[in-house]
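Residues per chain are reported as follows:
Protein chains: 2
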Amino acid sequence: MNIRIRAGKKEDMPSVYRLIQELAEFEKEPDAVELTLENLVEDGFGKAPLFKTFVAEIDKNIVGMALFYPRYSTWKGPSIHLEDLIVNQDKRGLKIGSLLYAEVIAYGYKKGVKRIEWAVLDWNTPAIEFYKRTGATILSDWNTVQMSEKAIKKYVESLE
Amino acid sequence: MNIRIRAGKKEDMPSVYRLIQELAEFEKEPDAVELTLENLVEDGFGKAPLFKTFVAEIDKNIVGMALFYPRYSTWKGPSIHLEDLIVNQDKRGLKIGSLLYAEVIAYGYKKGVKRIEWAVLDWNTPAIEFYKRTGATILSDWNTVQMSEKAIKKYVESLE
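In the order they appear, the protein sequences are chains A and B.
The working numbering numbers the first residue of the first sequence as 1 and each following residue consecutively.
The working numbering numbers the first residue of the second sequence as 1 and each following residue consecutively.
In short, the hints are calculated from the structure, not lab data.
Model, not experiment: these values are computed from the prediction.
Watch out, some of these pointers could steer you wrong.
Unchecked claim - Here are the simulated lysine to any residue pairs, SDA-like style, with alpha carbons at most 20 Å apart: (1) B:Lys47 / A:Tyr69; (2) B:Lys150 / A:Glu103; (3) B:Lys132 / A:Trp142; (4) A:Lys95 / A:Glu129; (5) A:Lys150 / B:Gly77; (6) B:Lys154 / A:Lys150.
Using the sequences provided together with the hints, build the complete structure.
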């Protein structure tokens, strides 16, 4: 089987968007995707693109994607955040995920970033074991904190 | 006491850098700061700035800072990551941290971001309680994964 990894283009975004929806279903939150396909295209291919992607193709069909963007560590310097790495449910086990992952890490290496970072659900043992084998470190003593759009509005109004 | 919050400028970076070092000491990792002051200035005020800051001043002395940058959620859209929020050890208890925090959230609101995100150490109960009171959610089932510069090099070399 001929798997090709390449940079994602504007016309790939419908396939990328479908993969995002598929991941939300896998993570048991199918209704959490408020983003539209139009938003995704605008945010990734407008004047100030907010992310880059790599896509995995089999026979010109997109079966996987990795989406990432720059971050910054005040201890180390410029870094990359891998936001999503998704492979079609029926294309698992073909090492497509590993190929996309390797492409992102190699991209970071070429750019000279000081760190690559991402998040993993603590019940996703196969993923955690894979990351560890590749030399990544799991920081289980850090919790993620999020303020939603609704909570932001409520808090800002409470300040006035 | 007259506390003033304003956007950080290039000439504030020596004070911001001192605060970064102070936080590393508080987190029991004084040697973890590999970044130099020159790196910080270049990364924040070069052609493609990687972050913005707010600083807190008392009588023209910088006693606190918040450092943040854009991120992206494939579920919600554009977001902000608050990387550091630091107040001088001897200026704690004056609500300076709350003022900086409010400034960042208000900035995100003005920009129309869909989420503001940051990380907290799971033993930092006072911070966690403060965040919850302001409407933030703690996601304790997500672990942070990091690949260091050294590990990136080793992994990429193993692919060849």
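Outcome of the hint check:
Between Lys47 (chain B) and Tyr69 (chain A) the alpha-carbon distance is near 17 Å, which keeps this suggested pair within the 20 Å criterion. Between Lys150 (chain B) and Glu103 (chain A) the CA atoms are separated by roughly 17 Å; this keeps the pair inside 20 Å, and the hint holds. For the given pair, Lys132 (chain B) sits about 16 Å from Trp142 (chain A) by alpha-carbon distance, which is consistent with the 20 Å threshold. Restraint check for Lys95 (chain A) and Glu129 (chain A): the C-alpha separation of about 15 Å stays at or below 20 Å, so the hint holds.
Between Lys150 (chain A) and Gly77 (chain B), the direct Cα distance comes to roughly 14 Å. Compliance with the 20 Å bound is thereby established for this hinted pair. The suggested pairing of Lys154 (chain B) with Lys150 (chain A) is violated, with an alpha-carbon distance near 43 Å, which exceeds 20 Å.
Comparing the model with each numbered hint stated earlier shows that hint 6 is the single one that does not hold.
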